[in-house]
Amino acid sequence: MTPVREACEVLGRRRVGAYHALTLVAPRIAEAASPGQFVELLAGEDRSFPLRRPFSIHRVERAGAALGTVEVVFDVVGPGTRTLAGLRLHDLVDALGPLGRPFTPPAEPARCLLVGGGYGTAALFFLADELRARRCRVDFVVGAATAERLFDAMEARRLGHTLTVTTDDGSAGQRGLVTDPLPALLGRLRVGHVFACGPMPMLAAVSRVAGQHGVPCQVAVEELMACGTGICFSCVVPVGDPARPGEPARMARSCLEGPVFDGAAIAWGELGHAAASGPAP
Amino acid sequence: MTVDLTVDLCGVRLRTPVLAASGCFGFGREMAGWLDLDELGAVVTKSVSLEPRRGRPTPRMAETPSGMLNAIGLQNPGVEAFCATDLPFLADAGATVVASLVGRSAEDFGRLAARLAGEPAVQLLELNLSCPNVEHRGEVFATDPGTAAEVVRRVKAAARQPVLAKLTADVTDLVAVARAVVDAGADGLTLINTLLGMAVDVHHGRPKLAAVTGGLSGPAIRPVAVRCVWQVATALPGVPIVGTGGVATAEDAAELLLVGATAVAVGTASFVNPRAVVEVAAGLERYLAAHGVRSVAELPALFKAER
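Taken in order, these protein sequences are the chains called A and B.
Its first residue numbered 1, the first sequence is counted upward by one per residue in our numbering.
Its first residue numbered 1, the second sequence is counted upward by one per residue in our numbering.
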C-alpha cells in the first residue's frame, strides 16, 4: 500500500453548500484508498513554489468501465484552496496518495455512529459506504456553524439509518453542538463504535463523551502539514500510551500514524494552540 | 558524452553531489517507498540529540511566499534510538549517511561525536550549530565565532568521521565564523541553515507559529545561500562546502556548485516532491552534458565573477 504520485485530470467539479468538490481521475490512488486516508494535492502553474494541500478522500470510484476516481471536498480558505477551486475540467492536479492510516472498521457487524463537523463530514461518506458493505448499521450526527456549512445532509440521510443535525445558530436541525445529542444517541442506539471527523475542539469533545459512555472512538484529525509523507514533522499530535499513564505524551506525526487515531490516546489537553488552529489556508 | 556525477566530500566519495538536507528527509526510512536511498549523494539525518526531544507545540509550520516557516523544535528520538533503529535501516538500504548532531552545549556535541565514533554506518558528521528553533539564542552556536569553534574542537577530539559545521547566514560576518570553525578543525561547511523569520495571522492578531518565530526555508532564501557560498568559497578556497537553501531544480543546484559548493543539499523541495533529491541529480547530469562539462568538480572553474 505504498502511496504513489499521479497526474490527475479534473473529471468533475461541483459546489456542495458552502464547499467545493473535485473529482480527479486517479486510478492507482482510488484502487488502494481506504476510508480516512488523504491525498496531497498541488495544482496550477504557480512559479512561487506553493506547498501541497492535504485533503481527506471523500469518495472513490474504483476502476471499472471507466478509470478510477477520487473525490475531495474543501472550503476556500486561502491561496491553495482558491487555486483548486478555480480549476476547470481536464486541468491537471499533481496528487500523492493514498496517505496515512485509515479508519479501522469493526471486526464484526456493529452499530456505528458517524459524527461529522463542517466539511469533515465528507470523509465519513467513504467510511459509511464501507461500513454498510460490512453489514454495519450506520447512524449520522452532522453539525456546522450554519445550515449552509453542513456538508450534504441529504446524502448523510440516504447513507445513515438515522440523521441528527445540529447547527450553532439553529438554522438547521437542533441549535447547539454535535456533542449535545451524543449522550442520548449513544444510549438509545446502543452504539458500539464512534467515528468522527471535524475541527479539533469537536473531536476532543466527541472523544470525551464517547469515553464517558465506554464506547471506542476513532477520530480523523486535521493538522497543518507541509509534506504528508512523514519528513517535515509539522503535523504532530500528542499521543499517550494507555499502558503508561504517567509518561508525557509523544508527538506522533498525523500523516504517518494518523490521521485516524484512537480518540482516547490523544492528549487533548496538550493541544493548546493547535486546537484553535484552522485548516491549511 | 559521459558525465561523472561523483564527488569527494571531505574524503568520502558520494555517488552524486545532491544530498537530502537535514530536517527535510526524516531519518530516511520515511522516503524509502519513494526512492532508493542508495541513489542519493547522501542522507543527512534529522538532527539527533543525546536525549529524545518532543519538539514544539503546533502549529509548527506556515507557508510564506516561495517558502515556509517551521518551528519543529528538533523533535528526535535521541542518539540511542537513532543507533538502534534508524542507522541499521539506512545501512541496510545502502545509504551514505551524514549524521546531523545537535546539543545544548559544546560538551553535548562532544559526547554525541564520541557515541557515533564506533558506528561505521555513519560516514560524516554535520554539526547543527545554527537551528533557529531553540529555547535560547545562546544555543545558536554559529552566531559567535568563539563558541562555534569550541564546539568543533570538542567534536574533533572525539570524532572518527569528517566533520561539517552547518552555519547560519543570520550573522554580520559569516566569513569570520567560517574561518573560526575551519581553524578549529572543521573538515567542511554546510551553508546555510534556515533564516530566523516570523509570520502573523492578522485576522486573529497572533503569530502563525506556536513558537512565535521559526526558520525560513525554500526558494525564498536561495539567493542568500548563493551569496553565502560564494563569499565563503572566495575567502576560504579549498574548504569543502555543502550548499543548501531553496534548491528545487538542477539549475538551482548548478548555481551553488558554480560559486564554489562541492555538493548541494535539497531540503524543502522534498516536501512537495518526494523524489526531488534524485530528480535534481538527474537534471544536473543533463545540465553538465549540455554544457560539455565532464565532472561536477570542474564547475567552479567555469564561474566568472565579472559579468
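Check before you lean on any hint, since a few could be wrong.
[As the list claims (entries may be wrong)] What the simulated footprint calls covered on chain B by chain A, stretch by stretch (three residues with Cβ under 8 Å from a Cβ of chain A suffice, anywhere in the stretch; the number is not a length):
(1) 26-32
(2) 51-62
[Said to hold, decoys possible] To give a feel for the contact side, a few chain B residues facing chain A, derived at Cβ under 10 Å:
(3) K46
(4) Q75
(5) G78
(6) A248
(7) T268
(8) F271
(9) V272
If you are wondering where the hints come from, they were derived from the structure by calculation, not from laboratory data.
Predicted model only: the values in this text are computed from it and were never measured.
For every residue, glycine included, the Cβ atom is placed at its ideal position computed from N, Cα and C.
Coverage of the region 51-62 of chain B by chain A, judged on three or more residues with CB within 8 Å: Holds: 8 residues of the region 51-62 of chain B have a Cβ under 8 Å from chain A.
Residues of the region 26-32 of chain B with Cβ under 8 Å from chain A, three needed, outcome: holds (count 3)
Supplied contact hint for Q75 of chain B, tested at 10 Å Cβ to chain A: 5 Å, holds
Minimum beta-carbon distance criterion (10 Å), G78 of chain B to chain A: With a minimum Cβ separation of about 12 Å from chain A (threshold 10 Å), the hint on G78 of chain B is violated.
Residue hint A248 of chain B, partner chain A, criterion CB-CB below 10 Å: At about 7 Å, which falls below the 10 Å cut-off, the nearest Cβ of chain A leaves the hint on A248 of chain B intact, so it holds.
Chain A contact restraint for F271 of chain B - C-beta distance below 10 Å: 4 Å, holds
Restraint check, 10 Å cut-off on beta carbons, for K46 of chain B near chain A: 8 Å, holds
Satisfaction of the T268 of chain B interface hint, Cβ to chain A closer than 10 Å: 8 Å, holds
Minimum beta-carbon distance criterion (10 Å), V272 of chain B to chain A: 6 Å, holds
The structure fails hint 5 only (numbered hints given earlier).
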